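A.B. asks: Going down the list, the protein sequences come from chains S and V. For the first sequence, the positions run 1 to 115 when this note's numbering is used. For the second sequence, the positions run 1 to 115 when this note's numbering is used.
Treat the hints as calculated values from the structure; they're not laboratory data. If you're wondering where the values come from, they're calculated on a predicted model, not measured in any experiment. The beta carbon of each residue, even a glycine, is placed where N, CA and C say it ideally should be. Do not rely on the hints blindly, as some may be mistaken.
Derived list of chain V stretches under chain S, where covered just means 3 residues or more per stretch with a C-beta under 8 Å from a C-beta of chain S [what the hints assert, rightly or not]:
hint: 1; stretch: 39-51
hint: 2; stretch: 106-112
Cut-off 27 Å, straight-line C-alpha distance, at most; resulting in silico cross-link-like pairs (DSSO-like, lysine-lysine) [claimed, not checked]:
hint: 3; chain 1: S; residue 1: K37; chain 2: V; residue 2: K9
hint: 4; chain 1: S; residue 1: K42; chain 2: S; residue 2: K107
hint: 5; chain 1: S; residue 1: K58; chain 2: S; residue 2: K37
hint: 6; chain 1: V; residue 1: K9; chain 2: S; residue 2: K42
hint: 7; chain 1: S; residue 1: K42; chain 2: S; residue 2: K58
hint: 8; chain 1: S; residue 1: K42; chain 2: S; residue 2: K68
hint: 9; chain 1: S; residue 1: K22; chain 2: S; residue 2: K68
hint: 10; chain 1: S; residue 1: K37; chain 2: S; residue 2: K107
hint: 11; chain 1: V; residue 1: K9; chain 2: S; residue 2: K107
hint: 12; chain 1: S; residue 1: K42; chain 2: V; residue 2: K14
hint: 13; chain 1: S; residue 1: K107; chain 2: S; residue 2: K58
hint: 14; chain 1: S; residue 1: K37; chain 2: S; residue 2: K68
A few chain V positions that, by computed beta-carbon distances, are all more than 12 Å from chain S [to be verified]:
hint: 15; residue: N1
hint: 16; residue: T7
hint: 17; residue: V12
hint: 18; residue: M27
hint: 19; residue: N28
hint: 20; residue: S33
hint: 21; residue: T70
hint: 22; residue: D102
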Amino acid sequence: GENVEQHPSTLSVQEGDSAVIKCTYSDSASNYFPWYKQELGKRPQLIIDIRSNVGEKKDQRIAVTLNKTAKHFSLHITETQPEDSAVYFCAASTPWGGGADGLTFGKGTHLIIQP
Amino acid sequence: NAGVTQTPKFQVLKTGQSMTLQCAQDMNHEYMSWYRQDPGMGLRLIHYSVGAGITDQGEVPNGYNVSRSTTEDFPLRLLSAAPSQTSVYFCASSYSIFAGTDTQYFGPGTRLTVL
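Isolated chain S, as found in the complex:
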């Protein structure tokens, strides 16, 4: 099955700086890569996603890049703010079974924004 590795496990950045979280996946057939943000005690919420036919996607301060050849994708957050502090999860999905067997998640990155 799919395996997703996520790094780093903890990332501390100064407010206003950029943060980058990286994930690698094992199944070259994976074609959907969402990123979820989870605040303490809350549910995961989708912040951005990318499909395998696109190399980059941006939404205001958040961007995701995908390198299919190297099988890795990254989340970029610019001009970080205190409300960006949370745990971020990457995930990947393969088309086998129509993607019905769900998402495979990375273990998460705890992003800390230092004032």
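Chain S is already provided as a structure; the job is to place chain V on it using the hints.
C.D. replies: Coordinates of chain V only, in the frame set by chain S:
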């Protein structure tokens, strides 16, 4: 529109007890799933359903049963609780049965402790 709801929010069980975690959605989503979240492990898929009457196993199904008698409800049953099942449980749903390519919406979670 309540989205995805889960009950209870917290539960403490003794080893060997059984219980049912409830999940409901009012978005007419075909796809529903259960994940468990453990510290440092990310989210792992337990069971999923692509429609009423259809369920299948995910990555970690042992010790859990599910059924899907209606589109709205997808309960998760613990047959004989064990301390290893102490976790936070999230229910998720998406419009399409192709869950791997469609936004998944998570419920607020149930924090379960097994003594």
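A.B. asks: Now, for every hint given, state plainly whether the structure supports it.
C.D. replies: Hint by hint, here is what the structure shows:
1. 39-51: Result for this restraint: holds, n = 8.
2. 106-112: holds (count 4)
3. S:K37 with V:K9: The hint holds at about 20 Å.
4. S:K42 with S:K107: holds (17 Å)
5. S:K58 with S:K37: holds (16 Å)
6. V:K9 with S:K42: holds (11 Å)
7. S:K42 with S:K58: holds (25 Å)
8. S:K42 with S:K68: violated (32 Å)
9. S:K22 with S:K68: Roughly 13 Å between the alpha carbons, so the hint for S:K22 and S:K68 holds.
10. S:K37 with S:K107: Answer holds: S:K37 to S:K107 is near 12 Å, not above 27 Å.
11. V:K9 with S:K107: holds (23 Å)
12. S:K42 with V:K14: holds (26 Å)
13. S:K107 with S:K58: With a Cα-Cα distance of about 23 Å, the restraint between S:K107 and S:K58 holds, given a limit of 27 Å.
14. S:K37 with S:K68: Status holds; Cα separation ~23 Å.
15. N1: Holds, since 16 Å exceeds 12 Å.
16. T7: Its Cβ never comes within 12 Å of chain S, the nearest being 14 Å, so this holds.
17. V12: holds (17 Å)
18. M27: holds (14 Å)
19. N28: holds (17 Å)
20. S33: Per Cβ check, V:S33 is inside 12 Å of chain S; nearest 5 Å; violated.
21. T70: holds (19 Å)
22. D102: violated (8 Å)
The structure fails to meet hints 8, 20 and 22 from the earlier list, while all remaining hints are met.
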